[in-house]
Amino acid sequence: MNPSSTPEAGEGVRPYADRDDGIVQVSFTLPVRDSRAARITGLEIAGQMGLSRAEVVHSQPVTAGYTYLILYGSFDRRVDVDSIRRDDFDMDYMDHDEVDAFAASRIGRPVVVVGASTGSDTHSVGIDAMLNLKGYDGHHGLEAYEAFSVHNLGSQVPNAKVVADAIAVGADAIVVSQTVTQQDLHIHNLTELVEMVEAEGLRRRTVLVCGGPRISDELAKELGFDAGFSKGTLPNHLATFLVSSVAQRSATSSPA
Amino acid sequence: MEALADARRVVFVGLAKNTGKTVAVTTLIGELAGRGKSLGLTSIGRDGEEFDAIRPQIRKPPIFCPAGTLVATTQPLLSRSQVVHEILVDSDLWTPLGRVVIARLLRGGRCEIAGPSSSAELQVVTEEMLSRGVDCVIVDGSIDRRAASAPPIADAVVVATGAVLGPEVQDVVDATARAFGWATIARAEDPRTRALAMAAADRSLLVFAEDVIPLPSAFALTVETRDLLPLLGARAGIEPLFLIGGVLPESLLEALVPLGRRNHVRLVASDPTKVFVRSRTVDWYRRRGVEVQVLQRARLGAVTVNPLSPPSLRLDSRRLREAIGERLMHQVPVMDVLDPSYAGAGVPAAA
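Just so you know, the sequences run in chain order A and B.
Everything in the first sequence is counted per our numbering, starting at 1 for the first residue and increasing by one.
Everything in the second sequence is counted per our numbering, starting at 257 for the first residue and increasing by one.
What the hints contain is simulated information worked out from the structure, not anything from laboratory work.
Using N, Cα and C, we set each Cβ at its ideal position, and we do this for glycine too.
Treat the hints loosely; a few may be bogus.
What the simulated footprint calls covered on chain A by chain B, stretch by stretch (three residues with Cβ under 8 angstroms from a Cβ of chain B suffice, anywhere in the stretch; the number is not a length) [what the hints assert, rightly or not]: (1) 199–213; (2) 220–231.
The following residues of chain A were derived to be distant from chain B, with all beta-carbon distances above 10 angstroms [claimed, not checked]: (3) V32; (4) R33; (5) E44; (6) S59; (7) D100; (8) T191.
With the sequences and hints as input, model every part of the structure.
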């Protein structure tokens, strides 16, 4: 548990627009013609979401029979920040140089990473941002690190191919990305990878990571991955997790 | 449910939400406890919509556990249940819902169960509970995590299915058969195949009568029809037998279909959880001359049906049970634990 506790956090927090008012903005599309009926339905939905004093501040037709709405409303309850904080909640990330130095002293060889955007997903943007030299938002991807030997398989890669390549290169870690997902297809894709890695007997020695806009760390762990990364992740976040995990595994698996 | 009588590790799997898995688990717990058996209870995996990644605490309905039951669940869920308990083991297994502990319930009560996330960890907590003297460990599993149904982990698998899978009896039967085709994969019986496969362990082999050809690692994961032609083409007339050490993916079966038309092909994996067939069924491939077998079958202990699908669909329970029973060749009991005709799971009293 994080021992630091501020008085405000103890009382709980709520959304802040002005003076602790709890104001939130929600937006959604309804399959209803742009009309009074659409706006009233929007207010009803806001009410059922637990928002009080809701008002429609914007509505417009999107296409025939559909309306886009923006509403403001007030969330009157509070959430105690400390009650949800956990040991691994906020990781302290190393920067590029620190990761390389850590890997050199604690692992002593490059960490072999196999990455791909799996299944039917054609989007390689997520995995490229993490792995490619060019990186993302001014941060180089894992290819730029001395700590890693990276094999980026690209997009639409079947899980069987990911596992085969991981075996071929002796991967320490498998990193997969799922960007666009429909009908929870990404869930089946992700669990299939875990099941295949288990079936090949590689689970204990392979760090498994997934990422994407709809993937949280909680979801990833529930699916059997070691971690999940969502929006806002920079390559050094992933890098920190990978070198820490591989160092921990080699420490526990080698004889004392 | 005679098949469950001697099973020490029973894994329940629901094919979808509202298939009545929790009711089935609760029923078995009641029956076992009523016969004086001591129980362990844990869970693995995510149950479709029942899990909410933002508010994971609403994940699963609490299950009533009699006094004396061992549970492997997380510390926060246990505290929240307010059931009087003593903690026996504080594991280092971490889940999104907290750290997994093994506790003995000193009084009966309702408890949310969230066990470990990986099947290796599941095996650890299951063994731990058995070593502490429980007669039977019940695992509340999920469709997505079938590694938990592997023979080394589960003595029997109970599948929960129901009207939620389709509007007609036949739809439910088909969907159930599709999802659980792997549970009916036949065992390779001939001693030579078994001996060769045991010796090969996790390596893969191609066998033509007396010829045994080692295959490269990851062969099964990557091979295509054009690679198979030179391997198989020269031996027309002899049935090829593939012994697959690890994963047997659907891509391998697809690659063999053009060849299977001319010549029957047999593949043997170690157990059904190694066989990954999603777009078609094992039966479909068998009819095209590509037959999958396993060294060790998963034991399908029972099928439970929920003839109700919210909000209003109700199928005829007896017809549904009979149709599924027929599809499973009457080898597995099919029951509706809420039907007036249900007479218990046939669990004998403790010795």
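Reported absence of A:S59 from the contact zone with chain B (all CB gaps over 10 angstroms):
27 angstroms, holds
Just checking, A:T191 versus chain B, shortest CB gap more than 10 angstroms?
4 angstroms, violated
Interface exclusion of A:D100 relative to chain B, criterion Cβ beyond 10 angstroms:
Holds, because the least Cβ-Cβ distance between A:D100 and chain B comes to about 28 angstroms, which exceeds 10 angstroms.
Coverage of the stretch 220–231 of chain A by chain B, judged on three or more residues with CB within 8 angstroms
holds (count 4)
So is A:R33 really clear of chain B, every C-beta pair being over 10 angstroms apart?
27 angstroms, holds
Given as covered by chain B, does the stretch 199–213 of chain A meet the bar of three residues or more with CB within less than 8 angstroms?
holds (count 5)
Chain B versus A:V32 - minimum CB to CB distance exceeding 10 angstroms, so not interface:
Fine: 22 angstroms to the nearest Cβ keeps A:V32 off the interface.
Over 10 angstroms to the closest beta carbon of chain B is the bar; see if A:E44 clears it.
Holds: least Cβ distance 20 angstroms, greater than 10 angstroms.
Against the hints set out earlier in the document, a violation occurs for number 8 only.
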